[in-house]
Each structure stands twice: as structure tokens, then as C-alpha cells.
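Asker: Read off the chains here:
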Amino acid sequence: MNQHTIDLVNKQGLQFFGSVNASISHELKNIFAIISETAGFLNDLTQLSKQGKQLELSVLENCCNSISEEIERGFDTIRRMNQFAHSVDDPVRETSILDTLTLAVKLTGFLSFAKKTHLNETSVDTTVFTSPFLLQALTYKTLGALYKTLNAGDELTLIPTFGGPDPSGVTLVFSHGQPADLTDFPDPLTAEVADALKAVFKKTKTGLELFIPRTNDYLAAALADRQPVQKSI
Amino acid sequence: MTDTEKIHLLLVDDEVKFLNALTDRLKLKFFDITPVTNGEDAIDVARKAKFDVAVVDLQMPGIDGVQLLKTLKKSHRFLEVIILSGHATIDTAVECTKLGAYKVLEKPCGFDKLVETIKEAYESRLKKKFENDTKRMKKIQSLAFGQSPLGILRELTKMDDNEK
Chain A
1 MNQHTIDLVN KQGLQFFGSV NASISHELKN IFAIISETAG FLNDLTQLSK
51 QGKQLELSVL ENCCNSISEE IERGFDTIRR MNQFAHSVDD PVRETSILDT
101 LTLAVKLTGF LSFAKKTHLN ETSVDTTVFT SPFLLQALTY KTLGALYKTL
151 NAGDELTLIP TFGGPDPSGV TLVFSHGQPA DLTDFPDPLT AEVADALKAV
201 FKKTKTGLEL FIPRTNDYLA AALADRQPVQ KSI
Chain B
1001 MTDTEKIHLL LVDDEVKFLN ALTDRLKLKF FDITPVTNGE DAIDVARKAK
1051 FDVAVVDLQM PGIDGVQLLK TLKKSHRFLE VIILSGHATI DTAVECTKLG
1101 AYKVLEKPCG FDKLVETIKE AYESRLKKKF ENDTKRMKKI QSLAFGQSPL
1151 GILRELTKMD DNEK
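Line by line, the protein sequences give chains A and B.
With the first letter of the first sequence counted as 1, position 203 gets the number 203 in this note's numbering; the numbers rise by one all the way through.
With the first letter of the second sequence counted as 1, position 154 gets the number 1154 in this note's numbering; the numbers rise by one all the way through.
Be aware that one or more of the hints could be misleading.
[Unchecked claim] Below, computed lysine-lysine pairings styled on DSS-like, alpha-carbon distance capped at 25 angstroms:
id, chain 1, residue 1, chain 2, residue 2
1, A, Lys29, B, Lys1158
2, B, Lys1027, A, Lys50
3, B, Lys1029, A, Lys29
4, A, Lys50, B, Lys1113
5, A, Lys50, B, Lys1029
6, B, Lys1158, A, Lys53
7, A, Lys53, B, Lys1103
8, B, Lys1139, A, Lys29
9, B, Lys1127, B, Lys1006
10, A, Lys116, A, Lys50
11, B, Lys1139, B, Lys1113
12, B, Lys1113, A, Lys148
13, B, Lys1017, A, Lys106
14, B, Lys1027, A, Lys53
15, A, Lys29, B, Lys1006
16, B, Lys1113, A, Lys29
17, B, Lys1070, A, Lys116
Worth flagging that the hints you see were computed from the coordinates, not collected in a lab.
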């Protein structure tokens, strides 16, 4: 395997993996904190009830609903965590664009500075032959960088265009409807990932476009001798 | 505990459901709670009302917990600030402590531990305030000798400015 690619996957990949896991763990801590406080509140009410204070059924109902919602949120978070963990199973493979973008939107949603993102899913999905992990990292870093340039309350639209003028790839259009300061984007690390994926950024008046080639011979050759890891459930 | 003895608590967390759940529980413990979901609102309400203790999340959109801690400690000298966060690391704990945080707790934190910490922070506030009041009283007493009434007023104004 090409030494540069090994370094990229090892150093950047590990750093990216760590930062995503940290944001997931923060999300899970929040969920557990809500469940813990709501269950504690129910216990407090039970103790008060034992002392003769009348319980309001609506309060109990709200608490139970809140716990159920948080458990569902927790399951969803763990599903995303599992999906993300499997992005390193194969060094290169046919990778679904919509699955990658859906996961990137969900994972970046855990960031404290995240903005609401509308992913246009009306197009029929397509795949590109690339590194699923690095593509995940690239879309994640792009969304994260855009969130930082937007103001509170701003929203972002992400439109994958598969049947565009260039059939050799897929163009992802990140739009926020107004000019944003992207002078420092892509940063050197993001540019390095984009380079390995042969992806190309183009700044527009209202956002960014990211071109992903349908095939990546350079990456496939560089990663050809790497054995796939044992897949787990 | 009567209304006047209640600890006035400012709760700041962008996780609304957590904020509401914690507010509900703390109210049962006779705290007077003002919950807000961001740093900007926290600074605003702290300007308008007096608080004994603030419990602040670290990672929030806009003004984050560290910035909020700095602002609150600068403008409210005796307010004790407890950091309660799912993102707390040793580095942030050290930074927050240097900036004057009373304690840094990791979320989820046991409710009893949180209540205990709030009470300790309140006692710390009372102690600092008492010590300051005692110093102030001694200073006023010393000023009373050998100063003109206008001189005393000037010195008192200086002291008030330093206490903001």
C-alpha cells in the first residue's frame, strides 16, 4: 500500500474516528442524563405520593413518554454508531451516496454547532467505487466546516446530483442560500482527504459543490493489498 | 425552607429535555430555578435577577460554557458556577477551575451529588460574601476616622466599583 495513503488513513482516520466517537458518546450521555433525571423525578413523585400528595396522571404520562422517546433516540444513535463503525470494513468498495450523506448529516447533527440540514433524497441513489470511510470523513468535515460559517438559525440544503453534465462522477451541492466565508476551506487535512479521493471542491455564490468520481483507480491500487477486516454484527 | 431561604439557581443547558427534567426535580428540593437554553439568555437574566449559583453546560451553540463562565464571574463576583457537561475533560476541568468554576461535574451526574454540590457552592458564596462584608465594614470603620464626609463617600464609591 502507498505509504502516504497508509499515513492518511492511520493518522487522519484515527483522529476522525475519535472525534466522531466523542460526539456520539456526548449524545449518549445526554440521553442517559435525561432518562436518569426523568426516572428520578418519577421516584420523587412516588415518595411524595406515599406521603399523601396526589399524583397527576398527565405528569406521569409525560415522564413515561419522555423516557420512551429518549430510549428510541438512544437506539437510533447506536444504529448510526454501528453504521459508522462498519465504514472501515472494506478499504474500497461500491459506496452508496445517499447512505453516506444520510449518516454524515446524522453524525454532524451531534455537534454542538450543528445547523439544520435538509438532505434532498428525491434522486435515485447511486454508488461510487471509493473508500467508504474517507468519503464519510470528507462529507462530515465539509458539513462541519459549513456549520461553522453559518449563523444560528441558518439552514443548509444538500442535493446530490447524479445525472449531471459530468457522467464520470457525482456532484454534491451544499447550499445555504447566502454567501458564507469559506476562505479557509478546505483546510489542509480536508484537502488531503479530497486529494486521496480525487474529489474536487468548487466554491459557489451560495455554498459549495463537491465532485466525487465514480471510480478511483489510484485509491483502489493503493489499497489493493489491504485485507478486509473481519466483519462483525 | 421558606421562599426567602431558597437558593436562587440559574440552569443553563441547550438540551431542553434535560433542562426541563432537572428543573422539575430541583423544584421539589425547594430551589428557585431559572432555566435557560443558551449563554446569551443566561447573561441577560443574570443582569436582571440575583442568583446564588449557576449550573452551566459546557458545549452550547453561540456562547459556550467557558465564555459564559468568564462573563458571569466577571460581572457577578460572588456567583458560584458549577460546570455540568458530557464533554468535560481533564484539560477543560483545569481551565474552568482556573477561571473560577466552583466544580466541574460530568454528565450524567447523580442527582444527590448535584444537589450536594449546589448546597456547598451556596455555602461558599455566603462565606465569601461574609468575608467581603466584614472587610468592608472594617474599612468603613477605619475611614470614619480622619476623613471628611466627602472623602468617605469617595472611598465608598471606589469600594462599590471594585465589588461589581
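Asker: The structure should be examined with respect to each hint, and the outcome stated for every one.
Answerer: Results of checking the hints against the structure:
In summary, the hint linking lysine 29 (chain A) to lysine 1158 (chain B) is not supported, as the alpha carbons are separated by about 47 angstroms, beyond the 25 angstroms threshold. A distance of roughly 18 angstroms separates the Cα atoms of lysine 1027 (chain B) and lysine 50 (chain A); the hinted pair therefore holds under the 25 angstroms criterion. For the hint pairing lysine 1029 (chain B) with lysine 29 (chain A), the CA-to-CA distance comes to about 24 angstroms; that is within 25 angstroms, so the pair holds. Distance hint between lysine 50 (chain A) and lysine 1113 (chain B) is fulfilled; the C-alpha atoms sit about 24 angstroms from each other, no more than 25 angstroms.
As the CA atoms of lysine 50 (chain A) and lysine 1029 (chain B) are separated by approximately 17 angstroms, the hinted pair is consistent with the 25 angstroms bound. Restraint check: the Cα-Cα separation between lysine 1158 (chain B) and lysine 53 (chain A) comes to about 53 angstroms, which exceeds 25 angstroms; the hinted pair is violated. For a cut-off of 25 angstroms, the pair hint linking lysine 53 (chain A) to lysine 1103 (chain B) is broken: about 35 angstroms separates their Cα positions. With a C-alpha separation of about 49 angstroms, the suggested pair lysine 1139 (chain B) and lysine 29 (chain A) falls outside the 25 angstroms cut-off, and the hint is violated.
The suggested pairing of lysine 1127 (chain B) with lysine 1006 (chain B) holds, with an alpha-carbon distance near 17 angstroms, which does not exceed 25 angstroms. Under the criterion of a C-alpha separation no larger than 25 angstroms, the hint pairing lysine 116 (chain A) with lysine 50 (chain A) is inconsistent with the structure, at around 45 angstroms. The suggested pairing of lysine 1139 (chain B) with lysine 1113 (chain B) is violated, with an alpha-carbon distance near 39 angstroms, which exceeds 25 angstroms. A hinted pair counts as satisfied when its Cα atoms are at most 25 angstroms apart, and lysine 1113 (chain B) with lysine 148 (chain A) does not qualify at roughly 35 angstroms.
A distance of roughly 19 angstroms separates the Cα atoms of lysine 1017 (chain B) and lysine 106 (chain A); the hinted pair therefore holds under the 25 angstroms criterion. Restraint check for lysine 1027 (chain B) and lysine 53 (chain A): the C-alpha separation of about 15 angstroms stays at or below 25 angstroms, so the hint holds. Note on lysine 29 (chain A) and lysine 1006 (chain B): the hinted pairing is violated, with a Cα-Cα distance of about 30 angstroms set against a maximum of 25 angstroms. Restraint check for lysine 1113 (chain B) and lysine 29 (chain A): the C-alpha separation of about 17 angstroms stays at or below 25 angstroms, so the hint holds.
A distance of roughly 29 angstroms separates the Cα atoms of lysine 1070 (chain B) and lysine 116 (chain A); the hinted pair therefore is violated under the 25 angstroms criterion.
Violated hints, in rising order: 1, 6, 7, 8, 10, 11, 12, 15 and 17; the structure is consistent with all others.
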